[in-house]
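Peer 1: Hey, can you work out the whole structure from these sequences and the hints?
Number of protein chains: 2
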Amino acid sequence: MDAGDPLRSFRDRFLLPDGVIYLDGNSLGPLPRATPERIAAVLRDEWGRALIRAWNDHGWIDMPRRVGDKIGRLIGAAPGSTIVADSTSVNIFKCLRAALRLRPGRSVILTETGNFPTDLYIAGSIGEASVRVVDDPVAALREDVAVLMLTHVNYRTGAMHDMATITAAAHRAGALVLWDLSHSVGAVPLDIAAYEVDFAVGCGYKYLNGGPGAPAFLSVSAAHWDAVRFPLTGWLGHADPFAFDPSYVPAHGVAGAVVGTPPILSLAALEVGVDLMLEAPMPLIREKSLALTEQFLTAMQARGFHSITPADPARRGSQVSFSHPDGYAIMRALIARGVIGDFRAPDVMRFGFAPLYLRYRDIDDALAIVDDVMRANAWRDPIHQQKQAVT
Amino acid sequence: MDAGDPLRSFRDRFLLPDGVIYLDGNSLGPLPRATPERIAAVLRDEWGRALIRAWNDHGWIDMPRRVGDKIGRLIGAAPGSTIVADSTSVNIFKCLRAALRLRPGRSVILTETGNFPTDLYIAGSIGEASVRVVDDPVAALREDVAVLMLTHVNYRTGAMHDMATITAAAHRAGALVLWDLSHSVGAVPLDIAAYEVDFAVGCGYKYLNGGPGAPAFLSVSAAHWDAVRFPLTGWLGHADPFAFDPSYVPAHGVAGAVVGTPPILSLAALEVGVDLMLEAPMPLIREKSLALTEQFLTAMQARGFHSITPADPARRGSQVSFSHPDGYAIMRALIARGVIGDFRAPDVMRFGFAPLYLRYRDIDDALAIVDDVMRANAWRDPIHQQKQAVT
Numbered sequence: 001m002d003a004g005d006p007l008r009s010f011r012d013r014f015l016l017p018d019g020v021i022y023l024d025g026n027s028l029g030p031l032p033r034a035t036p037e038r039i040a041a042v043l044r045d046e047w048g049r050a051l052i053r054a055w056n057d058h059g060w061i062d063m064p065r066r067v068g069d070k071i072g073r074l075i076g077a078a079p080g081s082t083i084v085a086d087s088t089s090v091n092i093f094k095c096l097r098a099a100l101r102l103r104p105g106r107s108v109i110l111t112e113t114g115n116f117p118t119d120l121y122i123a124g125s126i127g128e129a130s131v132r133v134v135d136d137p138v139a140a141l142r143e144d145v146a147v148l149m150l151t152h153v154n155y156r157t158g159a160m161h162d163m164a165t166i167t168a169a170a171h172r173a174g175a176l177v178l179w180d181l182s183h184s185v186g187a188v189p190l191d192i193a194a195y196e197v198d199f200a201v202g203c204g205y206k207y208l209n210g211g212p213g214a215p216a217f218l219s220v221s222a223a224h225w226d227a228v229r230f231p232l233t234g235w236l237g238h239a240d241p242f243a244f245d246p247s248y249v250p251a252h253g254v255a256g257a258v259v260g261t262p263p264i265l266s267l268a269a270l271e272v273g274v275d276l277m278l279e280a281p282m283p284l285i286r287e288k289s290l291a292l293t294e295q296f297l298t299a300m301q302a303r304g305f306h307s308i309t310p311a312d313p314a315r316r317g318s319q320v321s322f323s324h325p326d327g328y329a330i331m332r333a334l335i336a337r338g339v340i341g342d343f344r345a346p347d348v349m350r351f352g353f354a355p356l357y358l359r360y361r362d363i364d365d366a367l368a369i370v371d372d373v374m375r376a377n378a379w380r381d382p383i384h385q386q387k388q389a390v391t
Numbered sequence: 001m002d003a004g005d006p007l008r009s010f011r012d013r014f015l016l017p018d019g020v021i022y023l024d025g026n027s028l029g030p031l032p033r034a035t036p037e038r039i040a041a042v043l044r045d046e047w048g049r050a051l052i053r054a055w056n057d058h059g060w061i062d063m064p065r066r067v068g069d070k071i072g073r074l075i076g077a078a079p080g081s082t083i084v085a086d087s088t089s090v091n092i093f094k095c096l097r098a099a100l101r102l103r104p105g106r107s108v109i110l111t112e113t114g115n116f117p118t119d120l121y122i123a124g125s126i127g128e129a130s131v132r133v134v135d136d137p138v139a140a141l142r143e144d145v146a147v148l149m150l151t152h153v154n155y156r157t158g159a160m161h162d163m164a165t166i167t168a169a170a171h172r173a174g175a176l177v178l179w180d181l182s183h184s185v186g187a188v189p190l191d192i193a194a195y196e197v198d199f200a201v202g203c204g205y206k207y208l209n210g211g212p213g214a215p216a217f218l219s220v221s222a223a224h225w226d227a228v229r230f231p232l233t234g235w236l237g238h239a240d241p242f243a244f245d246p247s248y249v250p251a252h253g254v255a256g257a258v259v260g261t262p263p264i265l266s267l268a269a270l271e272v273g274v275d276l277m278l279e280a281p282m283p284l285i286r287e288k289s290l291a292l293t294e295q296f297l298t299a300m301q302a303r304g305f306h307s308i309t310p311a312d313p314a315r316r317g318s319q320v321s322f323s324h325p326d327g328y329a330i331m332r333a334l335i336a337r338g339v340i341g342d343f344r345a346p347d348v349m350r351f352g353f354a355p356l357y358l359r360y361r362d363i364d365d366a367l368a369i370v371d372d373v374m375r376a377n378a379w380r381d382p383i384h385q386q387k388q389a390v391t
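First to last, the protein sequences are chains A and B. Every letter in the first sequence is one number past the one before it in my numbering, and letter 341, counting from 1, is 341. Every letter in the second sequence is one number past the one before it in my numbering, and letter 266, counting from 1, is 266.
You may find that some hints are simply not true.
The list cannot tell twin chains apart, which means a pair is met if one copy fits it or any two copies do.
Below, simulated SDA-like cross-link-like pairs (lysine to any residue); rule was C-alpha separation at most 25 Å, straight line [said to hold, decoys possible]: (1) Lys387 / Asp245; (2) Lys387 / Arg49; (3) Lys387 / Pro325; (4) Lys387 / Arg332; (5) Lys387 / Asp62.
The set of hints was computed from the structure by calculation and includes no laboratory data. Model, not experiment: these values are computed from the prediction.
Peer 2: Structure below.
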């Protein structure tokens, strides 16, 4: 299967350590081979030689928009809809406050149980709104809902929502939608403009391979460009930042969602990852992703692991997860043997499958190591119980 | 004077381009020689080899606090008071909202005319407060003022406030203070704990030489650690981020001001700049800074340039500025000849003096180029009138 894989050449575009089967690209994507050279050039040729002039001469000032538009192509956003700025959490805050302003008289943020904590925390911090957290958000769409906020692919289970149907239902109820694409972008086909998605955010360090803590993106439908107002009114979101006007005049559309000076080194690394992703046809990524997850899911279930990921491929992102009371220690034992997934409290073992650098044979190799860990009860070694700062 | 300069060896710690006299370190500090090697190691050895494990194995998860504490030493903050996160603009937002919560019943943010625009814009975005912008903020301290927000060294004029006196006056009036140290940190002595400064923020890419868009810092007095609540409740500011608790429980003190995942590459570059700054004794930096600014200011005034920077050294940061109706074209002509300062609308030419890499002879050389530009009317060349994106 690897010999016939149309994506097989992409693996060489990454610097992957020996002895590792990396099934955690849903948490931190690996290092693209082109990144060190690009960052060295940004350091020596741009920052080092051009100094302050690099903002003009090397286009730094346009990077939030330029890299944003590239990500826009990956999510099916219209050109000019997407910028890179801040973190996903901060971008959720901007979008929720902006959505509430666009729906005066409505004061509810609707979301679902099990959404990623930061999404829930940020929603809860917005004083002028109440947050309604339910199991079935579509059934809970009422006339007081200003915005429905959902994560497209769930971080724990890997379950994927039907974005088209849910967005249409929200719109019929007069609500806006905010989709968190952190676990979707670069992993599954996205076409947010076709579904008239109002707001979308997502992070750059998972399937986009943009590097640790890569800045996040934010996208706004063209339908809202005239009316949208973002709450964090920083100088780079001003219509004319270098006028140093004492009054804030927002830049039009999504440009008003830029706040402060962007972290250029991290943004340049993100651009390398995004450029690489744009070379790979998304239908092929999705096809291989489903083959990889299916192969692993079926084999793990045959070994008695309890999947919490939908069996239906159409409802699955690019990860599979299993609940296991000893999941933490098992995952630590797997990691010690080079099979890197991760653990989410209280009992979830997560495995992500990024088609650009994973081979079909990696699945077989990973499963052999799973067998080894389970057969020998190797995970019972006390060293695998020790808590780490990041799990 | 260069031969007797106790800081002279620091110049070799930077990669400075030939043919440039860099007087814009107040906007973007130059590249430390150690930065490319450090970033290459973060890329290849940490991200590349350790992948997700680097959050534990290479201490990424502690970087906001670790680098924050290093900056804390530069500003005289108590250990554990300072974190690195987000941009200065976003950190101002956090501090203003936190300050308002700490002073219930008071609803005014007091600041001064001519403060940096982003500070004013962010203050204006906070719905529950009104912003009072005055020429003399100390005289305007009333019982309704929750927080006095000032920039310590003004970005246009280089004028420096008396932090001790103003902070004491604000406290006598029952108000908290937020100092923006963007143009102070690494340039002038700071001792915020001694003055019981409540909140401080600042940026990492000016005198700290942390790289373009380096993340910013935020510091909170220990007096407020128990009561302070920040408005952007992101998952990394949770008391136990990896519990993935659906409810937000803030981390204690300044740790609750962390929001999303920090941009590690930009943060690592910042740490190199901060480490370098910590090697240089601040009294020597201040002494040389005043000698350099005095030399340049006096010589420019003798040439008929109108200074808008205080003549009193005690009231000056590490930059000098001149207003000139043709300031834009003159600055462009200077830059074309390698003397790099910058321009701020409508008519301000700014020159920053960073003692770690500037020599006394650079001042003489810069002045000779000023003379050349003015004598030949070289700045009248139409090419120097053309607007650039970043001025």
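Peer 1: So, for every hint listed, does it hold in this structure?
Peer 2: Hint check:
| no. | hint | in the structure |
| --- | --- | --- |
| 1 | Lys387 / Asp245 | between (51 Å within a copy, 17 Å between copies) |
| 2 | Lys387 / Arg49 | between (45 Å within a copy, 22 Å between copies) |
| 3 | Lys387 / Pro325 | within (15 Å within a copy, 64 Å between copies) |
| 4 | Lys387 / Arg332 | within (10 Å within a copy, 57 Å between copies) |
| 5 | Lys387 / Asp62 | between (43 Å within a copy, 16 Å between copies) |
Of the numbered hints given earlier, the model fails none.
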